[in-house]
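Construct the entire structure; sequences and hints are all you get.
Listed in order, the protein sequences are those of chains A and B. Quick note on the working numbering: the first sequence kicks off at 1 and runs consecutively. Quick note on the working numbering: the second sequence kicks off at 1 and runs consecutively.
Keep in mind that the hints were calculated from the coordinates and are not lab data. Even glycine gets a Cβ: it sits at the ideal position worked out from N, Cα and C.
Chain B regions said to be covered by chain A (calculated; three or more residues, Cβ under 8 Å):
#1 6-17
#2 27-36
#3 40-51
Chain by chain, the residues:
Protein chains: 2
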Amino acid sequence: MQEDLIEKLIEQFRTLPGVGYKTAQRYAFSIIEGKEERAKKFANAIIEAKEKIGFCKECGNFTDKEICSICQSRNRKIICVVTEPKDIISMEKVKSYNGVYHVLFGTISPLEHRGPNDIKIRELLKRVQEENVEEVIMATNPDVEGDATAMYIAKLLKPLGIKVTRLAQGVAMGSDLEYADEVTLSKALEDRKQI
Amino acid sequence: MQEDLIEKLIEQFRTLPGVGYKTAQRYAFSIIEGKEERAKKFANAIIEAKEKIGFCKECGNFTDKEICSICQSRNRKIICVVTEPKDIISMEKVKSYNGVYHVLFGTISPLEHRGPNDIKIRELLKRVQEENVEEVIMATNPDVEGDATAMYIAKLLKPLGIKVTRLAQGVAMGSDLEYADEVTLSKALEDRKQI
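Here it is as structure tokens:
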């Protein structure tokens, strides 16, 4: 016979991705056993983030302003095209990249009935033409849909005289060849570089 | 260059037990990408749980009332003694138990300078004497401190003519003997039952 408010909190934690009952319970107890100030801070961060964070009008990145801080401060001649806003965070770990981004919000996927007009390709073309972009880096996922989407966009951009590149595909750094799958290995062999 | 409000939310999720940066980030995005109503419900559940849930005056269980629902409705002649409020939730999975609980809020631990007076043993004795209790079940953890605490309390209760029992220790049901540790196995052998 668990008290209702605890159950309610556990239920909320269970809505998080990959969280089952036991983990949710552990989280809930950590809130209940913690300080009141911490609970307030936590709740505020949730409310604030949801209320104030939207998408950048320019690139589609998460932001609490109209134009995100990346679009405001970086080299707009290079655009890195990603599938989801969260991909930007992964790319940003590469400290040396100084260009801007463009979020497609999906990939072309005939299976899921998503065509070129259902993702932000038109917006990308507009940006490329208006802003005199020099290079577009396709950073869609290295899978069938990501590859197809990259190819589709490359075909649209090349006639405009823009350099279109794709993230290199091959064996991951620091990984073990023993565990690399054959598709990755064959791609790595195909794209081998002279040293 | 991640937006501040997202970072703030990620930081809050990182305060949960066992949550690292990647997981916290995943949780944060699920909030940001989710509906506003869900975020509000989530935040409310946190605030409400923290504000309204305290400890039952009788047994120490989590409750949003003065006396928890278990103390209000069950057989008070049997008390199951546990270490933490959350242990009650584990015990409650045993649907057949109809007694009440007593939370010690710790174990006797010379290493951590916790003596008998630092945990709720006095309160247990008072309850036992005032309420005509028939049986006290020691459900402290099956480790050195839990065993020592159970023994200590048993010694205090036996002179009062109260039946003191301890949860059986042995191999876990549905487990594999191959993976049972030797301490558990030797205990299981020692306490073997005629069938």
